[in-house]
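K.L.:
The task is simple: from the sequences and hints, build the whole structure.
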Amino acid sequence: MNLDVESLRTFSSLAHSGAEEAADSLSTLTGFDSRVAVTKVEMSTRSDVEQEFCERDLVSVHIGFSGAINGRTVLAFDRDRAVSLVDSLVPGASDNPESELATSGLKELGNIMLGGFIDGWADFLGEAIDITTPTYVELDADRSLVDVIDAGDDATGEVPSGEGLGGDTPEAGASHVLAFQNHLETVDEEAGFYIYMLPTRESVGRIVDAAGDADDALPVETFTTFSQMITEGAGQASEDLTAMTGIDTDVDVSRLSFVPIEGVPMQLTDETRRGVVLEFTGTPSGYIAILFDPGSAESVADALMPGMDADPAMRKSAIQEIGNIVTSGFLDGWADSLETTIDISPPTYVDDIGSAIVDPLVAELAQTQEYAFLIDSAIATPDETFTCDIYALPDEQELRTAFERLAPEPS
Amino acid sequence: MARSVLVVDDSAFMRNLLKQLLEDDHEVVGEAENGVEAVELYHELNPDVVTMDVVMPIRDGIEATAEIKGDDPDASVIMCTSVGQEEKMREAVAAGADGYITKPFQKPNVLEAIDDVVGVEA
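First to last, the protein sequences are chains A and B.
Going by full-length UniProt numbering, the first sequence opens with residue 1, and the numbers climb by one from there.
Going by full-length UniProt numbering, the second sequence opens with residue 1, and the numbers climb by one from there.
Treat the hints with care, since some could be wrong.
[Claimed, not checked] According to the in silico footprint, chain A covers these stretches of chain B (three or more CB under 8 Å from chain A): (1) 4-16; (2) 19-32; (3) 76-85.
Simulated from the structure, these hints should not be mistaken for lab results.
Just so you know, these numbers come straight off a predicted model, no measurement behind them.
All C-beta atoms, glycine included, are put in the ideal place defined by N, C-alpha and C.
P.N.:
As structure tokens, then:
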């Protein structure tokens, strides 16, 4: 199966329109004034999908779809949010949120929201897409989205186990996922709703045939190879960070996604972050930000200068240097795999809210592109008291050139 | 035998760290924070060894190394950088670098690299 940038744009646009439909439905049904915060196409591994919701106490509604394309959609929301939704849908039922009455309200909400989400894809393909009845599933640390899909116990019966995670059989391509993730948020609260669409591998091919540019297409394995490079780069960055600071870190999340350029800042937190921004040049070129939460930034400075009463300028320099080292760890593997060099600029120290840090980078890239490949990785201690986020924004065309180098030779 | 070392890095923190790592065994005779300063200080101080960062503003470490080695083929330059790309290492060698160590490094790595480049003398 091949995939091209034009198809990714179409995927993103359809997913965004579908999410807007779902947000309208949500507002109409519940009175919550909701909007689509982020739509992104994620090229992830199974474990990344699992990680996405891991450790969060969620309730979800699952719907399978079949016909022109096959797969499943999932509407997930925090348990607290579910209770307030139940209250607005079925007044009084929130006293017992796991009652059949309460869950049936949520299932119907999912049915309407996810049904609206799927309609746009059917219209685009000019063919019908049937949906299953909704299933209510609770997700928590012991039961992840992947567990549910692998077990096939969400009763979306038309979709065989494994298909929803990218393969048409449990074996075929199932380690990598093409997922469409939409984050809806209400105006008054940050906590939001997530819509996942997980089409089968064959279905992705079907949409590419309808939307894509065959001359521009690359085997989907190219994207997954690059995803693997990102994971390895994050691993090296984590090792370097640990070697330098003695803080025992590991890669928490690592993924490649395709987002409208204006949606990039919304991927970052509105909380303060300290770190560095660097420009890299080569194939690809772009920008990279290494961002610590304030406590972690202080931990880095303390670890690098133990027992020293260093002046603020020296602490800043230490954070710049660790940013430099993490960046090199992250990018060196790409350069070697692509048999090229990637030059990095000296680091610029940043201290601002996360989204504001990337605003100027996005403004620069927006001069030449409407969508961006966003690479984001998180490095953290097991207890997450220390976190370091890596965001890379390569130039879309140059990353496309890099993908060509990774594409397997035609047999 | 203690050697005179010129430390070149745009990071004040890293220059400080290198000075600490070297102070027991060698003498840091100067510090530069970019390639232009490095070349000037090399000619002024004539150190036994230069530890040279690669990514620096104004002038990078590979260009500075090429100029130092062009002026003095006997100069000993060790690249001390976070950049671990194979192509970059080849560029550094082509510029005349005598050693290449990647950050994060520890004291033994740095001392060993200096010994490798200038030899251990009683």
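K.L.:
Does each hint fit the structure? Answer for all of them.
P.N.:
Tested hints:
Three residues within the 8 Å Cβ limit are the bar, and the region 4-16 of chain B against chain A gives 6, so the coverage statement holds. Here the region 19-32 of chain B counts 0 residues with a CB under 8 Å from a CB of chain A, which misses the bar of 3, and the coverage is violated. Proximity of the region 76-85 of chain B to chain A, defined as three or more residues with a beta carbon under 8 Å from a beta carbon of that chain, is established by the 5 residues found.
The structure shown violates just one earlier hint, number 2.
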